[in-house]
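These protein sequence lines map, in sequence, to chains A and B.
Quick note on numbering: the working numbering labels position 58 of the first sequence as 58, and the sequence is numbered without any gaps.
Count along the second sequence from 1, add 1000, and you get the number used in the working numbering.
These are calculated hints, taken from the structure and not from any lab test.
Careful, some of the hints might be misleading.
To be verified - Below, in silico cross-link-like pairs of lysine to aspartate or glutamate (EDC-like), each with a Cα-Cα straight-line distance of 20 Å or less:
no. : chain 1 : residue 1 : chain 2 : residue 2
1   : A       : 35        : A       : 165
2   : B       : 1047      : B       : 1131
3   : A       : 11        : A       : 229
4   : B       : 1007      : A       : 61
5   : B       : 1089      : B       : 1241
6   : A       : 121       : B       : 1004
7   : B       : 1089      : B       : 1142
8   : A       : 121       : A       : 82
9   : A       : 127       : B       : 1004
10  : B       : 1007      : A       : 123
11  : A       : 11        : A       : 31
12  : A       : 11        : A       : 61
Each chain, written out:
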Amino acid sequence: MSKAQPLVELKGIERHYGQGGGLVRALAGVDLGIKRGEFIAIMGPSGSGKSTAMNIIGCLDRPSSGSYLFSGVDATALSRDERALLRRNYLGFVFQGFNLLNRTTAIENVELPLIYRGNPKRERREKAVRALHLVGLQGREHHTPGELSGGQQQRVAIARAIVTDPLLLLADEPTGNLDTARSHEIMELLTRLNQENAITVVMVTHEPDMAAYAHRAIRFVDGYIASDETRAAA
Amino acid sequence: MLWEAIKLALTSIRRNALRSVLTLLGIVIGVGAVIAMVTIGTGASQKVQENLAKLGSNMLIVRAGQSTFGPGSNNDARAFEERDVAALKANLSGVRGVAPSAQRNAKTVYGALNYDTTVTGTTSDYFIVQDWTLSEGRVFTEGEERSGTTVCVIGSTIVTELFGSVDPLGQRLRIGNFACEVIGLLDSKGQSAFGSDQDSVVLLPLRTFHRRLAGNTRISSINISVTEAADIPRVQRDAEDVLRERRRVAPGEEDNFTVRDMTQIANTMAATTTILTGLLGAVAAVSLLVGGIGIMNIMLVSVTERTREIGIRLAIGALERQVLTQFLVESIVLALFGGIIGIIAGLGIAAAAAVLMDVPFNADPRIIALAFVVSAAIGVVFGYFPARRAARLDPIEALRRE
Chain A
1 MSKAQPLVEL KGIERHYGQG GGLVRALAGV DLGIKRGEFI AIMGPSGSGK STAMNIIGCL
61 DRPSSGSYLF SGVDATALSR DERALLRRNY LGFVFQGFNL LNRTTAIENV ELPLIYRGNP
121 KRERREKAVR ALHLVGLQGR EHHTPGELSG GQQQRVAIAR AIVTDPLLLL ADEPTGNLDT
181 ARSHEIMELL TRLNQENAIT VVMVTHEPDM AAYAHRAIRF VDGYIASDET RAAA
Chain B
1001 MLWEAIKLAL TSIRRNALRS VLTLLGIVIG VGAVIAMVTI GTGASQKVQE NLAKLGSNML
1061 IVRAGQSTFG PGSNNDARAF EERDVAALKA NLSGVRGVAP SAQRNAKTVY GALNYDTTVT
1121 GTTSDYFIVQ DWTLSEGRVF TEGEERSGTT VCVIGSTIVT ELFGSVDPLG QRLRIGNFAC
1181 EVIGLLDSKG QSAFGSDQDS VVLLPLRTFH RRLAGNTRIS SINISVTEAA DIPRVQRDAE
1241 DVLRERRRVA PGEEDNFTVR DMTQIANTMA ATTTILTGLL GAVAAVSLLV GGIGIMNIML
1301 VSVTERTREI GIRLAIGALE RQVLTQFLVE SIVLALFGGI IGIIAGLGIA AAAAVLMDVP
1361 FNADPRIIAL AFVVSAAIGV VFGYFPARRA ARLDPIEALR RE
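Sequences and hints are given; from them, build the entire structure.
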């Protein structure tokens, strides 16, 4: 895998829902390349196709047409289980609603992807503790989501996403349920992970303040990419 | 991974304790009913066999007429005589005893008390043939049998009903319009397989019975006890030959008497009990099926409720197989829990019933093992459909669900 090769390469991606007269073109031909180490914000009004694009990049969904190379591998040809393996080994997900397992401690939530990878218990514990430290939650390992604030819950979710050392972290409105102060903390955390741990971050947001943390902002409108601006390195 | 799945299943069962318990109940009742039915049935059939053995072992019963048990029985056939018994005794080999018997219901009186019972006229062979043992006293002597002396041997029910604390030996018991001296007391046999009291008997020498009570010399049946079980068919054939000749049955003509093999009847009755047990078990098994459907129902609810959780698991890289395993293990654990509780409950009920019904308690480990395996199988069969539904969820749809 050469440095020059893009991590994500979308070409002519279309995604349709429904049939005949009720056909909806959520994505109407999207070309996008993401290089390793980038921090990208995807913006756009609701229904513009940004979430659909995230799902396709995250291998949760398959495009109706077009090609998707993930690290040079044709992701559109993969089976359901192969896509699950790809998600498990190379991708990390952070959702707006945190999506942690209730009544399950922080450390158990973080360990979850490692359980499916079949890692032994001791290794899982070590990695989970390290990930929780990285997001600044040392000492909260045995708290359940109900005992944590929203910002802390999102940190647990981020720890769960990075515990497998993914190539790409996908964050869908990660600050959508948080107040401004908490939102900035989460963005600083993502920035740090991007810079210090060299994790590529793609984030969907509709808040310009949050998008400002990214190096590159992509705006979706009506299933197309309307603008794609790279900010000069700070 | 499997251990993780089991742990996960236990956690999930614990989180929905009430619902889990209600689901378990179906399996508990099903397994419990099967175990209880089969265990009680096995005990009952054992009891039947024991009781039949008390009737006398390797016994042939000779009666006048054909098919005395069935409808259209021919009771006016000529009764046997003492000479028939003597002929059987002289011509049969390999027998422990040949005992004639004639019976009649009569009122027995002692002091101010009276009791209706069955009076049997017979010979001392009867004690051998019927496996009667004495607790006190003696049986008839040959002299008493020959001269028709008024002596009797009585069962334990007569002792308790009439004599109370008085020692019956040597007392005079009134039977109808004559009195006889009690010379022996029988050991108790308890209830018969047919539910009658076997201890409500008075035994008289045959001639005493004929002269004092019956007013005729009829013998209604002759019991033959065969020494070796293997000889039963041969003795049966020989007895038939002797009696055909004595009763002048022409060759080709039907017998005007029957020789029944009690062992055969005992086996038939035991087999009947076994079939009944199987039938009850089968009915109970239906409730097990209902319990299985309960598990399926609750697992489907569980899958719907946990759609979002399943979405999270799929998104972070759980394979279809792993999600399937998780839910399958959960339903198996649930069913096994129910099965184990059901086995314990079933055995408890059977033990209580054994005491109440006075039958032996006989837990068959094979049935218990089978119940265990069947519970697990129910978990697999009825858990598979909900588990597959969970495994095939679309992660995007699942995550969107609140």
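In ascending order, which of the hints set out earlier in this document are inconsistent with the structure?
-> Failing hints, ascending: 4, 8.
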